[in-house]
Amino acid sequence: MAIRFDYLAKETGTNLVRNPSLTLAAVLTVAVSLALLGFSLIFREGVGRVSDRWSDDVEFIVWMRPDASDEQISAVDQKLAASPLVADHSYVNRAATFAEFVEYFEEVPEVVQTVEPEQLPTSYRVVPTQTDLSFVDSLGQEYEGQPGVSEVVFAGDFIKQLNAITGLAINGVTIVAAVAAVAALLLMYNTIRTAVFARRREVEVMKLVGATNWFVRIPFMLEGLVQGLIGAGVAVLAMFGVNRMIRDSRAAAELDFVNSFVLQPADLGPISLWLLLAGAAIGAIGSGFAVTRYLDA
Amino acid sequence: MIKLDDVTKTYSGENVALRSANADITKGEFVFLVGPSGSGKSTMLRLMNKSEEPDSGRIFVAGKDIGKLSSWKVPMLRRNIGSIFQDYKLLPNKTVAENVSFALEVIGRPRSVIKTQVPQICELVGLGDKAEKYPHQLSGGEQQRVSIARAFVNRPLILLADEPTGNLDPQTAIGIMRLLDRINKTGTTVVMATHDAKIVDTMQRRVIQLDTGNIVRDEREATYG
Ligand SMILES: Nc1ncnc2c1ncn2[C@@H]1O[C@H](COP(=O)(O)OP(=O)(O)O)[C@@H](O)[C@H]1O
Ligand SMILES: [Mg+2]
Numbered sequence: 001m002a003i004r005f006d007y008l009a010k011e012t013g014t015n016l017v018r019n020p021s022l023t024l025a026a027v028l029t030v031a032v033s034l035a036l037l038g039f040s041l042i043f044r045e046g047v048g049r050v051s052d053r054w055s056d057d058v059e060f061i062v063w064m065r066p067d068a069s070d071e072q073i074s075a076v077d078q079k080l081a082a083s084p085l086v087a088d089h090s091y092v093n094r095a096a097t098f099a100e101f102v103e104y105f106e107e108v109p110e111v112v113q114t115v116e117p118e119q120l121p122t123s124y125r126v127v128p129t130q131t132d133l134s135f136v137d138s139l140g141q142e143y144e145g146q147p148g149v150s151e152v153v154f155a156g157d158f159i160k161q162l163n164a165i166t167g168l169a170i171n172g173v174t175i176v177a178a179v180a181a182v183a184a185l186l187l188m189y190n191t192i193r194t195a196v197f198a199r200r201r202e203v204e205v206m207k208l209v210g211a212t213n214w215f216v217r218i219p220f221m222l223e224g225l226v227q228g229l230i231g232a233g234v235a236v237l238a239m240f241g242v243n244r245m246i247r248d249s250r251a252a253a254e255l256d257f258v259n260s261f262v263l264q265p266a267d268l269g270p271i272s273l274w275l276l277l278a279g280a281a282i283g284a285i286g287s288g289f290a291v292t293r294y295l296d297a
Numbered sequence: 298m299i300k301l302d303d304v305t306k307t308y309s310g311e312n313v314a315l316r317s318a319n320a321d322i323t324k325g326e327f328v329f330l331v332g333p334s335g336s337g338k339s340t341m342l343r344l345m346n347k348s349e350e351p352d353s354g355r356i357f358v359a360g361k362d363i364g365k366l367s368s369w370k371v372p373m374l375r376r377n378i379g380s381i382f383q384d385y386k387l388l389p390n391k392t393v394a395e396n397v398s399f400a401l402e403v404i405g406r407p408r409s410v411i412k413t414q415v416p417q418i419c420e421l422v423g424l425g426d427k428a429e430k431y432p433h434q435l436s437g438g439e440q441q442r443v444s445i446a447r448a449f450v451n452r453p454l455i456l457l458a459d460e461p462t463g464n465l466d467p468q469t470a471i472g473i474m475r476l477l478d479r480i481n482k483t484g485t486t487v488v489m490a491t492h493d494a495k496i497v498d499t500m501q502r503r504v505i506q507l508d509t510g511n512i513v514r515d516e517r518e519a520t521y522g
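Chains as they are written, first to last, in the working numbering: chain F, 1 to 297; chain C, 298 to 522.
It is possible that part of the hints are untrue.
[Unchecked claim] Below, in silico cross-link-like pairs of lysine-lysine (BS3-like), each with a Cα-Cα straight-line distance of 27 Å or less:
#, chain 1, residue 1, chain 2, residue 2
1, F, K10, C, K324
2, C, K361, C, K391
3, F, K10, C, K430
4, C, K412, C, K386
5, F, K10, C, K386
6, F, K10, C, K427
7, C, K361, C, K482
8, C, K361, C, K427
9, C, K427, C, K386
10, C, K412, C, K430
11, C, K300, C, K370
12, C, K412, F, K10
13, C, K361, C, K300
14, C, K482, C, K324
15, C, K370, C, K495
[Claimed, not checked] Computed list of chain C residues with no C-beta within reach of chain F, every gap over 10 Å:
#, residue
16, K365
17, M373
18, R376
19, D478
20, R479
[Said to hold, decoys possible] The calculated label-pair distances, taken between Cβ atoms and stated as ranges, are:
#, chain 1, residue 1, chain 2, residue 2, range
21, C, K430, F, R201, 17 to 23 Å
22, C, H433, F, S249, 54 to 60 Å
23, C, Q468, F, R200, 32 to 38 Å
Everything labelled a hint here was simulated from the structure, so no lab data went into it.
All values derive from a computational prediction rather than experimental measurement.
The C-beta atom is built at its ideal place from N, Cα and C for all residues, glycine as well.
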């Protein structure tokens, strides 16, 4: 006693167009909730990337005095190289410092003109073996009094704050995404319950003439699946649109930070796929449950 | 064909709709359930196709205790029992032919069967020329004929009719009774709830009379009383 395909196609088709406002409500419900979910996923990826970028950076910088002698400079180099607590260090000479300086003050050439490369200090950028803040601090202190060293600057304080903020942001976004998913399921359930209620006579007749529960349920589930898929499609389009807007914006061109929130096609593909799957599942499962209420009679 | 064995049904605690009812309806019989509103006629019919469960007692259909039927087999029971109602229960957005074929489609009958059965049954109930009409384009009597066609298209063993003439004028009601009589003559057992005395008196069939949930009379070739 298989369900005939032409029966299913006909029922699903006519039911979808018969009550356009309910169909639209279901589609929009899924679209809005999944778009919300999509945006939170984008945001999550972006925040993760920003955090990664900063965490990879130098943990502290040992600035040499501009008048430090070559011996003093190579003494610091040797100490850094010998220390088992230092993972990596690099020397930034005058020319490199000047290049960075020029880049930094690109907009204000007057400042650049006042400086000669010889006046600039050189520095060591140090990556310790551990990122633990107190570890980095105490390691950095060792170089404070070293001859020829002007000061040790810690990236730690900034990273510490940034990590705290991104941690909060990721948690917040995860909660928003979870709430959006639950909201989608509930809204879909309710919308379809309304649709099923509108067709309770049909369900009653089906039961009366001896249709099995699955025979009653499957057209509704298929209908929900189609609505969920269309809704998810709208959400995916919205996500692509917003992503493109961010990518093409001036802010993204000028700020690395904003650029972090632009997703690459490689990320968008899986996210779209997940949203479509979620839409189909929400639609089918929501309808399945919604119709069950009318089945035990 | 249908047997009630000491059946009691209570709604929401204390409202007794049927009390220790016993009845034995044989194959091919035509039985009227009579009694005033609220006496338990509809309840008795709903118990027979497992739309309701009794509190106690057993109900047999075609020799099987339907209380022991697992829930997935209930659809199979219903395929052997046609049901018609005072309000027809037609689907307003489907034509006469579609209303009837819907009943066959949802139990998974092949298209070829539907193609031959539906025009046949429409002809049988006297609606051969109205197959493409929608319910709202039909009179009450014609709508009831559609619902009879839908209930009978699957050739059930039993037809349960709950006040099928309740909304019809006497002349139209007679036409419906003729149709039910013809269906009964094909061997289908018919159980019909009604409080239309004239119909019962004219038909001279078995009468089971209910009063506030008690069977107070069960008589052959009887009148409304
Ligand atoms: N679904 C229900 N819930 C509660 N009480 C009901 C329900 N259906 C019927 N009853 C009660 O059961 C009694 C018998 O009702 P019913 O079988 O419909 O009688 P009839 O069909 O003879 O008018 C009445 O008192 C009615 O109020
Ligand atoms: Mg009644």
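Now the hints, each set against the structure:
no.: 1; hint: K10(F) <-> K324(C); verdict: 39 Å, violated
no.: 2; hint: K361(C) <-> K391(C); verdict: 35 Å, violated
no.: 3; hint: K10(F) <-> K430(C); verdict: 19 Å, holds
no.: 4; hint: K412(C) <-> K386(C); verdict: 23 Å, holds
no.: 5; hint: K10(F) <-> K386(C); verdict: 21 Å, holds
no.: 6; hint: K10(F) <-> K427(C); verdict: 22 Å, holds
no.: 7; hint: K361(C) <-> K482(C); verdict: 24 Å, holds
no.: 8; hint: K361(C) <-> K427(C); verdict: 39 Å, violated
no.: 9; hint: K427(C) <-> K386(C); verdict: 18 Å, holds
no.: 10; hint: K412(C) <-> K430(C); verdict: 17 Å, holds
no.: 11; hint: K300(C) <-> K370(C); verdict: 19 Å, holds
no.: 12; hint: K412(C) <-> K10(F); verdict: 16 Å, holds
no.: 13; hint: K361(C) <-> K300(C); verdict: 10 Å, holds
no.: 14; hint: K482(C) <-> K324(C); verdict: 11 Å, holds
no.: 15; hint: K370(C) <-> K495(C); verdict: 39 Å, violated
no.: 16; hint: K365; verdict: 18 Å, holds
no.: 17; hint: M373; verdict: 7 Å, violated
no.: 18; hint: R376; verdict: 4 Å, violated
no.: 19; hint: D478; verdict: 23 Å, holds
no.: 20; hint: R479; verdict: 21 Å, holds
no.: 21; hint: K430(C) <-> R201(F): 17 to 23 Å; verdict: 19 Å, holds
no.: 22; hint: H433(C) <-> S249(F): 54 to 60 Å; verdict: 57 Å, holds
no.: 23; hint: Q468(C) <-> R200(F): 32 to 38 Å; verdict: 33 Å, holds
When the structure is compared with the earlier hints, violations turn up for hints 1, 2, 8, 15, 17 and 18 and for no others.
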